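Peer 1: Now for the letters of each chain:
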Amino acid sequence: MTDPVLALSGLSKSFGALKVTDGVDLDLKPGEIHALIGPNGAGKSSLIKLVAGELPADAGAIRFAGRDIGELDQVARARLGLTRTFQVSSLVPEFSARGNVALAAQARRRSVFGFFRQVATDPDLTGEAMDALERVGLADRAGTRVSELSHGEKRLLEIAMALAMKPRIFLMDEPMAGLGQEGSVRLIGFLDKLRHEAPILLIEHDMDAVFQLADRISVLVAGRIIARGNAHEIRSHPEVRAAYLGEDGA
Amino acid sequence: MPKLITEHRLNIILALILLIGPLVAHYAEEPFLVTLATRATILALAGVGLNIALGLGGLVSFGHAAFFGLGGYAVGILASHHQTYQPLMTAPFVINGTNQMLILWMVAIIVSGIAALLIGALSLRTSGVYFIMITLAFAQMIYYFAISWPAYGGEDGLSIYVRNAFPGINTLRPLDFFLLCYAVLIVVLIAQWRMTGARFGVALQAVRQNEGRVAALGLSPYRIRLAAFVISGMVTGLAGALYADLNRFVSPTMLSWHLSGEIMVFIILGGVARLFGPVVGACLFVLFEHLFGSFTNHWQFFLGAALLAVVLFARGGFIGLVAGRVEHD
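In order, the protein sequences belong to chains A and B. Counted the way the numbering used here counts, the first sequence spans residues 1 to 250. Counted the way the numbering used here counts, the second sequence spans residues 1001 to 1329.
Honestly, the hints are just simulated from the structure, not real lab data. Please read these numbers as outputs of a predicted model, since none were measured by experiment. Watch out, some of these pointers could steer you wrong.
[Unchecked claim] Facing chain B, from chain A, some residues (calculated, C-beta under 10 Å): (1) Ala7; (2) Ile69; (3) Glu71; (4) Val75; (5) Thr83; (6) Phe86; (7) Arg98; (8) Leu103; (9) Arg109; (10) Ser111; (11) Asp122; (12) Leu125; (13) Met161; (14) Arg224.
Backbone N, C-alpha and C define an ideal beta-carbon position, used for all residues, glycine too.
Turn these sequences into a full structure, and let the hints guide you.
Peer 2: Structure follows, in structure tokens:
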């Protein structure tokens, strides 16, 4: 059995009396997609924020690639190769699609203090940006300003930026949201292959996508993991059916 | 917004106007107008400095007079020691005054850069209104310190009896001094133009637009902003050094919050984050001051009206009105 890349143990977070994350144990192994599902308000996005370092945890440990990263801030964790995508697209609105991905490529190089050489004509950065855009099918929109991209295109640009980071794991917060039927089908095919580049912790509401993609599924309800297993096990899990999928199930 | 001309071409035309105007004035034997253009050029440079923080970085500093004044005092103090032949300090090593502009500029840049590093390191832990207020507070601290420190003139300021020297140029001649200031402005503008499209400028603008995204990519927004604030302070400090030599006088006025406000007005009039925004803004400011100031003491009323018009009807300032919005990759 391979060692997990990411391992959470006893992770907890409260806002006042509200426990958004309550003793969560979870791991992510090389080459897998581990889906995190749960009703709205279950604390899925909060869990991603805890892992990414946007929120400090109250208790518990986060191990990534064999080291404890609990004390590291968001920037340091991103540098270790923990790359997240956002539930609501978070892009640089005045930059072009290519400019956004080039920024990610630049960030991966941890390069800030360049004062002369122009990014737009830097073949390293723009070449990588174009590669990533091509992979998600956005190459023909490379020169378009983000503020002029459609919702679905922005979702794909999120993925392209994550690709350009060449991370060790992906944290994806509802990548399918708002993509539409055709877009979802394409992205499912894409993520299916992407897991071999880096494992994916996937939050997703689209159950078809989750059941198709996930090697393992964890069900989060009110901050606690109530069930874990493969698609078949989760479908037939009584508590999950009651809490989440509805009594008649999927 | 309609686009009459590309920003690049507009900038070249503006640079030529600012060069040709004083040349014509010089040959028409109007040295006062040359000096006026020099004043506009130096104020423009102060605005260019602030524009790096405010325009590119979104850091609304209301304390840039601190750097302008520190640059000015660096020149004034060293020049006064040169005039009296008294060393500035003797222990642990001797520092003498100087009248060499190249050295004075370096000192002004270093002093204002260090001040910007200290002020920025503390101020950038806040944002929004708190950032505006804390930068103002630091500038006021330096202002009151200058007023209450008698060694260099206190409230009365400090005179520089002979304008400092630059190799190969007679800085006492208005046109020569103008051309020197103009050359400095153009060099800084070219550097800023390159920087804006280079990795630092791209990262800085990304931080302004979406700080969380930049942090998620593993770049520290704080460090990027701090570096921008330091560069910004150094450029404004250099402008202060030139301003001291223009007037051959430095006083706490250079450190006052009015001046911080005026530098900001240049940028808003000309166009926030636009390369030539502060240049246009400073020229308009000086023009208003000269034209309306000659028949009323209340010339700032007209400046206020112009500012209001820009904020209400032309958010991109003059450059935005003529050249449309910013083009990015």
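Peer 1: So which hints don't hold here, by number, going up?
Peer 2: 1, 2, 3, 14
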